[in-house]
Amino acid sequence: MGLMHTLLLSCRKAAELIERRSFAPLPAVESVQLWMHTRICAGCKAFQHQSEVIDTLLEQRGNGVDAVSTAPVEQRIIAAIDDKN
Amino acid sequence: MPSALPTVDKREFNDWVHAHTGDLLRYAKSRVREEDVAEDLVQLAFIAAWEGRKKFAQQSSPRTWLFSILKNKIADHWRKAYRDPVVHGLEPVDAAFFTGDDRWAPGHIPVEWGLDGPDREEQMQRFLTDCLEKLPTHWRAAVEMKYLKEKNAEAICQELGITATNYWQQVHRAKVQLRECISSKMTKTHH
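Protein chains in written order, with our numbering: chain A, 457 to 541; chain B, 390 to 580.
Calculated from the structure, these hints are not laboratory results.
For each residue, glycine too, the CB sits at the ideal point set by N, CA and C.
Take these hints with a grain of salt, some might be off.
Stated by the list, open to error - If you want a taste of the chain A side facing chain B, the calculated C-beta under 10 Å gives, among others:
1. 472
2. 497
3. 500
4. 510
What the hints assert, rightly or not - Interface residues of chain B toward chain A, partial, derived using beta-carbon atoms under 10 Å:
5. 410
6. 417
7. 440
8. 522
9. 538
10. 567
So here's chain B without its partners, still in its complex pose (with noise of 0.2 Å):
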């Protein structure tokens, strides 16, 4: 009978604290609102890793593992904020992208993006970071459980306990809410 991996040390999990955090907290950043709660998930999956350090058996890299497990706390997050009462009065009002016969309503006709020039992909970036800020925050929390991509959308919907509709729905008319934002600041950048 094969004898059982060791366990990591402690010695060695402090070192993968050094090498993954600066990773794993620039991901968190940029997936929640508040810096500080970043560095919370982060330390919460650490945390969760010493403690479960005995699953990891050496089945995969230590970075596809934390990067997993700090995945798992940032949908935890989104799904309480999702389902905090406090937030669900903000729904905007989206109708006006359409007419009433139901054609991209004057104004906000999607006219393709010019995508070439240097630091385009940098500035796009940035558009999106402002223009997510902006949407409602289950909107937000929508996006972020579908973009984790841990998880598929079965089991998201069941978290967020609402029907697959719903959520798409929901996905839906924040892609269209960002597109218009980044579209206005895209426009605003050429003149």
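Isolated chain A (complex conformation) (with noise of 0.2 Å):
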């Protein structure tokens, strides 16, 4: 543990390294350094799984049908518009 902690990444730094992946490419060494903590640490490789179904969750939002008629709401919006005119 001491070993892989100097080495390869606190679980910290590659938890932050996990999420920094998906603004920018990471430097080459901090990539490689990850790949190794996650082979190593179950942890952190179920932390950047749950971490991809985060993001297609929150992507995914608002895609379903619901039943609620919006009708009301769409009257009001061309209305608002009518005022404008």
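Dock chain one against chain two, each of which comes alone in its own frame, and use the hints as you go.
In structure tokens form, the structure reads like this:
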């Protein structure tokens, strides 16, 4: 655990890199360190999977269909635009 | 010379309102806290679309165009919320997730989720909605800006007035919090 900590990042750092990677590609050294860390550390591996699941869930929000009628909102919008003319 | 394409008239525009309000509203509701704010944002988007209808010029589908305007309105909303100094006092301490030597703290070590089972996806989506409500406003704002995807990270940082490092760290802290919150809800439903 001590060696892994020094050579292959701490868990805190690994978790940070997992997020940072979604903004921009990691520098080569950090990328290798992260890969090695998640090979050995089950907690961070699970964190990585779950981070991806959360990303997907965040993107899929509001894609479903619901039965509530939006007719009153539509009327309000049309009336608001009529007022502008 | 080709003649200019006709702009959309009021009758046609009203058809757009009827055709797309449902989808736009569902999208907005899932991305802001209050339902009435979501309705206002959709209305603002339609007003902006009507006023800018000459720019539409049939180059994309009305749906795509309306969604891109709505996403800008949602981004405006979160940018204002982020900049409201009142909300900045709420920063929670997230140090508890890790030990002093930066390992996962006992009780916070991530364990793989069981994602199989009927209605699992719907259930996860519900958990996510609940957990998003618990985030401090500026963390929520950082997350929402990221997933609107209309803007790149650099533009978002400029709008929020923060550095790139600050930005991804806030999204990161929010995600750590969300993960923990969703995990605890999943554990509860297993027993």
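Quick rundown of the hints versus the structure:
The beta carbon of residue 472 of chain A is positioned within 10 Å of a beta carbon in chain B (closest approach about 6 Å), and the interface hint is therefore held. Checking residue 497 of chain A against chain B: minimum C-beta separation of about 9 Å stays under 10 Å; hint holds. At its closest, the beta carbon of residue 500 of chain A sits 7 Å from a beta carbon of chain B; the interface hint therefore holds under the 10 Å criterion. Among the interface hints, the one on residue 510 of chain A holds; its C-beta lies about 6 Å from the nearest C-beta in chain B, closer than the 10 Å criterion.
Satisfaction of the interface hint for residue 410 of chain B is found here, the shortest Cβ-Cβ separation to chain A being roughly 5 Å, below the 10 Å cut-off. Because the closest C-beta pair between residue 417 of chain B and chain A is about 8 Å apart, less than 10 Å, the hint holds. Evaluation of the residue 440 of chain B hint against chain A yields a held restraint, the C-beta minimum of about 7 Å falling below 10 Å. A hinted interface residue such as residue 522 of chain B counts as satisfied when its beta carbon comes closer than 10 Å to some beta carbon of chain A; here the least separation is about 13 Å, so the hint is violated.
Given hint, residue 538 of chain B at the interface with chain A, holds; its Cβ is 8 Å from that chain's nearest Cβ, closer than 10 Å. For residue 567 of chain B, the shortest C-beta to C-beta distance to chain A is roughly 6 Å, which falls under 10 Å, so the interface hint holds.
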